[in-house]
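So the sequence lines, in the order shown, correspond to chains L and R. Per numbering that gives the first Met the number 0, the first sequence starts with residue 0, numbered consecutively. Per numbering that gives the first Met the number 0, the second sequence starts with residue 0, numbered consecutively.
Everything labelled a hint here was simulated from the structure, so no lab data went into it. All C-beta atoms, glycine included, are put in the ideal place defined by N, C-alpha and C. It is possible that some hints are incorrect.
Claimed, not checked - Not close to chain R: a few residues of chain L, all C-beta gaps over 12 Å, as computed:
no. : residue
1   : Phe15
2   : Leu42
3   : Thr94
4   : Ala134
5   : Cys169
6   : Phe179
7   : Lys219
8   : Ser386
9   : Glu424
10  : Ile442
11  : Asn446
12  : Ile453
13  : Ala456
14  : Gly461
To be verified - The calculated label-pair distances, taken between Cβ atoms and stated as ranges, are:
no. : chain 1 : residue 1 : chain 2 : residue 2 : range
15  : R       : Ser112    : L       : Ser405    : 19 to 27 Å
16  : L       : Pro349    : R       : Ala305    : 29 to 37 Å
17  : R       : Ser179    : L       : Phe345    : 57 to 65 Å
18  : L       : Thr468    : R       : Ala305    : 33 to 41 Å
19  : R       : Arg283    : L       : Phe422    : 53 to 61 Å
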Amino acid sequence: MEFLYYFGDVFTPINFGLLLLGTIGGLILGATPGLSPTMAVALLIPFTFQLQAAQGLILLGAAYTSTVAGGAVSAILLKIPGAPANIATTLDGHTMAQKGEGAKALQISFLASAVGGIFGVLLLIFLTPVLAQWALAFGPSHLFWLAILGVTVIGSLDSKSVVKGLLSGCIGLWLATIGFDDIMGAQRFIFHPALGGGINIIAALIGLFAIPQVITMFAKGRKGDGAEVLKVQKHPISGAFRELFRNKRAMGIGTAVGSVIGLIPGVGGQIAGLVAYDQSKKFSPDRDKFGTGHPEGVIAAESANNAMVGPSLVPLLTLSIPGSPTAAVLLGGLLIHGIFPGTDLFDNHPDVAWTFINSMLIGQVLMCIFGLYVAGLAARVAQVPQSVMAAVVLGLAVFGSYSVQSSMGDVYVMAALGVMMYFLERFGFSAAPLVLGLILGPIAEANFIQGSMIANATDGLGPYFLGGTLNIFLIVVVIASIAYSGYMELRSRRYTSKEEIIA
Amino acid sequence: MKKLLAGAAIALTAMTGASFADGHANYPERPIMMMVSYGAGGATDFQARIVTMTAGNEDALGMPIAILNKPGAGGRVGWNWLAGQAEADGYTLGAYNIPHFIAQSIKGGVEYSRDSFEPIANWGADPAVMVVGADSEFNTMEDVVNFAKENPGKLTTSGAGLFVGHHIAALQMEKACGCSMAYIPTKGGGAAAMKAVIAGEVMAGINNLSDAFRAREAGNVKILGVADLERNDFMPDVPTMMEAGLDVDNSSVNFRGVMVPKGTPQGIIDKLAATVPTMFENSRVQGKMKAGGSPMHIMTRDEVLAMWEKREQTLKELLAGL
C-alpha cells in the first residue's frame, strides 16, 4: 500500500502540468503515423535533462501511456497502425469508421484502453515481485514455441481462406529474413543498401496498410467525382460505456492476454494486440462478424495493447533489464538522474518510483478523458472527400516512414511493399497475416538458433526444446490451436458453396 | 589533466590560425548533426546525448549538436551511411564504437574501413566484464576457467553479438586459457545477454561494465573479471583478467567517441579536435556520466588515431582464423 503515500506528489502543480503535457502531447504524437511510442519517448528524453527525476519520469510515463492509445486514432481513421501494437485495431476499427461509426470506434477504443491500462498498472503496483519471476521464466526455447503459437493463428487472422492467410504469412516470414542477421552476421537478400538493416517494421506497417487504400481511393476518384462523403454518426459517450459492458468477454480476454504477454521481454508489445484479437474471435459466438466493423475486435485489441504498458516495465523496474525498446529509453531517463532501477529505485528513491507509477495510473484516466473529447472531432476525418484524403494519407505515409530512422530507404521499402500489397489484396490476401509473419519470423529464428547453440553445449536439442513444464504447456497450446483451426476449417467447408470457394 | 588542458589550449591557438587560412574561421555557423548507429535509448545513444549536451555553450562549439539515430545490423547501417552518403562538410559527425566498426570492416560486407573516417576525440571506454548469476557456483575467474578446461565447449556464455567487444573478449579468453567456451550471441544486444545470465539460461556472460555494474547493484549478478589493463574505478574490488592469470588485454574495451567522414576539410577537423575534448571535460557532462554509471575516458585525436591503428592490427590477428 506504499504507493498511496505518494499520490499527493502527482498533483503538485508542476507534476500535474507535466502529466497533462505528456498525455496531450502523447496523444498527438501517437496519432501521427510513424511516430511509435518508443520514438515519442526518445524525443522527450532531452527535455528531462532539465527536470527533476520524478518530473522527468512523469513526462515520459504519460507520453508512453498515451502514445500507445493515440496510435488507435490513425489506425481507426486512416488505417495506418502507428505501431505494431495497433495492427489489430485497424481490422475492425477502420471498417467501423468506413461505416460512419468512427466516433463510436474511437470512444470504445479509448475506454477499452483505459480499462486495460489501469489493470496493467495495478498489476505493476501489486504483483511486481511475482511478475519479475514470470518474466525471467521465458528462455529461448519458450520464446520459440510462443512464436510458433503466433504462427498458428496466422491462417485464421483476418482472412476468409486459411490457405491464403498462410501464404501471406509465408511472404511475411520471408521478408523478415532480409538484411544482416544479427546472430550469425550473415547477409541475406540485400540487393540495395536500403535493405541492409532489414525491413523496418514501422515502414512496412505503413506501406502494407495505408498504400493499398490510397491506390484504391485514387482509382475511385477518377471514376466519379469521388464525393462519396460519409455521414458521421454522432455517438453518445454513455452508449460507448454500454457497448463496453456488453462486451465483457472481449474486454477480459484482451486485458488478460495483454498483461501476460506484455510481460515477456522482447516479444510482448508487438503481438499482444493480435493474439488478444484472435483469441476473442475464437471465443466469441459472433466470430463471423469480426473484421466487418465489430466493436468486440476493437475492444480486445485496444485493451490488450494498453494492458501491456504496466507489466512491460516490470523487468526494467525490478531487474534493471529493459524488456522493450521503450523501456530502454525510460532506462536512460532514470540513469541521467543517477537512479538505478532495481532495489536502489524502490529502497532509496521510493518517491520517484511510486510517483512515476501513480502518474501512469492517473495518466490512463486523463488519456481516456481527452481521447473521448477528441473522438467526436476526429471522426469527422471521414467527411473529407476521398481524393483529398488519399493525398493526405500518402503524405503522412511518406513522412511517417521517413521519420522512423531518417532514411529515404525506408520510404522506398514502404512504397514497394504497399504497391505489392495492393495487388495481393486484389487476389484476396490480407495484410495482417503478412505483418504477423514479419514480426514473428525474427523472434522464432533468433530464439531457435540461440536455443540450439545452448542446447548443443548442454543437454542436447530434444530435452532443451521439448522438456520442462512450460515448454510442454506451450506445445500443447500450439497443437490445440492447430487442431481448432483445422476443425473450424472443415466444419465451415460443409456450408461453403462452390462459388464461395472459387471467390 | 592540467597538461592535457594546456596542450589543448596550445593546439587551439595553433589550430585557429590554421582554420583562418582554410576559411573555416566561423565554423560552426549552424547546428551540427551527430549520427549514432544504434537505436534511441541504447548505451551509445544515451552517452552521446550527454556528452554533446553542452555543445551550444560559448566555450564549446557555440552551436548545439543534434543526435540522429540510424540503427540496424549491429551499427553497419549507420556507418555505411556515414561513409557513403553523409556530406563531409563538418556538419555531419558520427559516433564510433571500437572494436565494432573495425571488426566489421575486417569481416567484410560493409562499405567502410578505418580509412573512411577521421577521429575527433574519444569520450568513453566501457570494458567487457565476465558476469555470472548471483547464485552461481562460480566465484572467481579461476572457477570459470577450470570448468571450461574440464568441460570443453560446455560453458555457455552470452554476449551481445558477433564481432563486438564481448565476442572479442570471449575469443581472447579462449586463446589465453587454451580452452573452449560456447559463446551464445543474443539478438537484442547487451540487455538480452544480461537477461540470459540473470535468468540462468546460460552459465556465464560477457557484458558491458556499465550494465553489469547496474545489475550488480540490483543484486542480480556477480562480476568476476574485467577485460582491461587496470581495475575500474566503478568496481575496484574486481580483478582484471591479467591478475586472474589470463592473458587478455584491453582489445575488447568498447571505446566510444566522435568522428567525421573522410573528406571533411582539415581546418574543421582541427577545430573540432581542439574543442570537443574540452567539451567532454565539462563538469556537468562528467557528473551526468558518472551518475549514469558510464565510465569516461577522454582521448585526443592523435591518441585515438594511434588506438585505432593498434586495434586494427590486434583484431586482424584475432579474427584471422574465423
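Hints, one by one, checked against the model:
Non-interface call for Phe15 (chain L) relative to chain R: holds, since the shortest CB-CB distance, roughly 26 Å, exceeds 12 Å. Look at Leu42 (chain L): its CB is around 8 Å from the nearest CB on chain R, not clear of 12 Å, so calling it non-interface is violated. Thr94 (chain L), annotated as away from the interface, keeps every beta carbon of chain R farther than 12 Å; the closest lies near 34 Å. The Cβ of Ala134 (chain L) sits about 8 Å from the closest Cβ of chain R, inside the 12 Å cut-off, so the non-interface label is violated.
Under the 12 Å C-beta cut-off, the non-interface status given to Cys169 (chain L) relative to chain R holds; the minimum distance is some 21 Å. Separation of Phe179 (chain L) from chain R is inadequate, the least Cβ-Cβ distance of about 3 Å not exceeding the 12 Å criterion. For Lys219 (chain L), the condition that its CB be more than 12 Å from all CB atoms of chain R holds, with the nearest at approximately 37 Å. Distance to chain R confirms Ser386 (chain L) as a non-interface residue, since its nearest Cβ pair spans about 35 Å, more than 12 Å.
The beta carbon of Glu424 (chain L) is kept farther than 12 Å from every beta carbon of chain R, the shortest such distance being approximately 29 Å. Separation of Ile442 (chain L) from chain R is inadequate, the least Cβ-Cβ distance of about 9 Å not exceeding the 12 Å criterion. A beta-carbon of chain R comes within 12 Å of the beta-carbon of Asn446 (chain L); the shortest separation is about 8 Å. With a minimum CB-CB distance of about 5 Å to chain R, Ile453 (chain L) fails to clear the 12 Å threshold, and the non-interface call is violated.
Not every Cβ of chain R is farther than 12 Å from the Cβ of Ala456 (chain L); the closest lies at roughly 3 Å, contradicting the non-interface assignment. At roughly 17 Å from the closest C-beta of chain R, the C-beta of Gly461 (chain L) stays outside 12 Å, upholding its exclusion from the interface. Restraint check, Ser112 (chain R) to Ser405 (chain L): a C-beta distance of roughly 24 Å satisfies the suggested window 19 to 27 Å. For Pro349 (chain L) paired with Ala305 (chain R), a C-beta distance near 48 Å fails the hint of 29 to 37 Å.
Under the hint 57 to 65 Å, the C-beta atoms of Ser179 (chain R) and Phe345 (chain L), about 41 Å apart, miss the expected range. Here the CB-CB span from Thr468 (chain L) to Ala305 (chain R) is close to 56 Å, at odds with the stated 33 to 41 Å. Taking the beta carbon of each, Arg283 (chain R) and Phe422 (chain L) are about 56 Å apart, inside 53 to 61 Å as hinted.
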